[in-house]
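Using the sequences and the accompanying hints, generate a full structural model.
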Amino acid sequence: EAWSAASAYGALVHDLGKIAVDVQVELADGTNWHPWHGPLDQPYRFKYVKGRDYRLHGAASSLIYANVISAEALDWLSGFPELWAQLVFAFAGQYEHADILGEIVSQADQASVAQELGGNPGRAMSAPKQSIQRQLAEGLRMLISEKFKLNQPDGPSDGWLTQDGLWLVSKPAVDQLRAHLLSQGIEHIPTSNAPMFNLLQDQAIIQPNGEGKAIWKASIDNGRGWKNTFTVLKIAPALIWPNATERPEAYTGTLTVEAAG
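Residue numbers (full-length UniProt numbering): 1 to 261.
No lab work stands behind these hints: they were computed from the structure.
Okay, derived cross-link-like pairs now, SDA-like style, lysine to any residue, Cα gap no bigger than 20 Å in a straight line:
{"no.": "1", "residue 1": "Lys-50", "residue 2": "Ile-186"}
{"no.": "2", "residue 1": "Lys-149", "residue 2": "Thr-245"}
{"no.": "3", "residue 1": "Lys-234", "residue 2": "Ala-194"}
Keep in mind the model is a prediction, meaning the values are calculated, not measured.
As C-alpha cells, then:
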C-alpha cells in the first residue's frame, strides 16, 4: 500500500514544478501569485516565461509538494526508510537516484505523454509554440525536409522510411537537431546525447524500443550487396508528414530490427 501511494504521489508531483518556473501568474489586484502562496482566490491571468528551462521542472516540484500532500501522508511514508529515500529523490526531480520508484514515475510520465498524443503524433504541433515538444517536432520537420537524405538506394542515409516508422541514425540526427535549436536561440538544450535522447523520449517525439529505451539497433540491406548496422531513433511518420500523401516512398531495401538498444 505504501509503494502504491508513493508511486501515485511521485507521479502527481512530477509536473508540478512547471507551475513554479514556466508560467507567470498575475492576480486581478496586480500582484504576482506563486504556487507556494496557496489556492488562487481571485481572477488571474498568466503567460509563459521566455527562455524556460525544462530541467528545472523536477527540482522545482520540491517547492510545492507539501502544499498538495498532507503532513499525515508524509508522516506515514517517512516510516518506510527505503521507500522514503526514493520518494525524496523523486520529489527533487532526481529520478536517476530514485531507483525503482523513479523508474515507475518516469515510465508513467512517458506513457501519459504518449497517450495525450492520442495515437496522432501530429498533435505535438498543436502544443504551445514555445513548448519544448513543439520546438523539437518543428526542428525535426525542418531537418528532414531540407537537410536529411532518406532512403538512399546505394549506401548510407540519414534515415529510412518503412511501413513501421521513420528511422533516423541516432547520433547525427541528434547532433544536427541540437545545432538547429541552438541556432534558433532556444536555450537549455542538453549538450550531450544521452540527456537529449531522454528529452526526445520524454516528449514522445521518438518511440521507445521493447526495453523502454530510446535507441534501436537496425540492420539495413539495400538488396544489391550493401548492408550495415546502425543505432537509430524511431519516429512516427505522422509527426513529420501529417498528410500521408506527402510522404516519400517506403525504402525499397530491408530494415531489420536486430535488438533493443
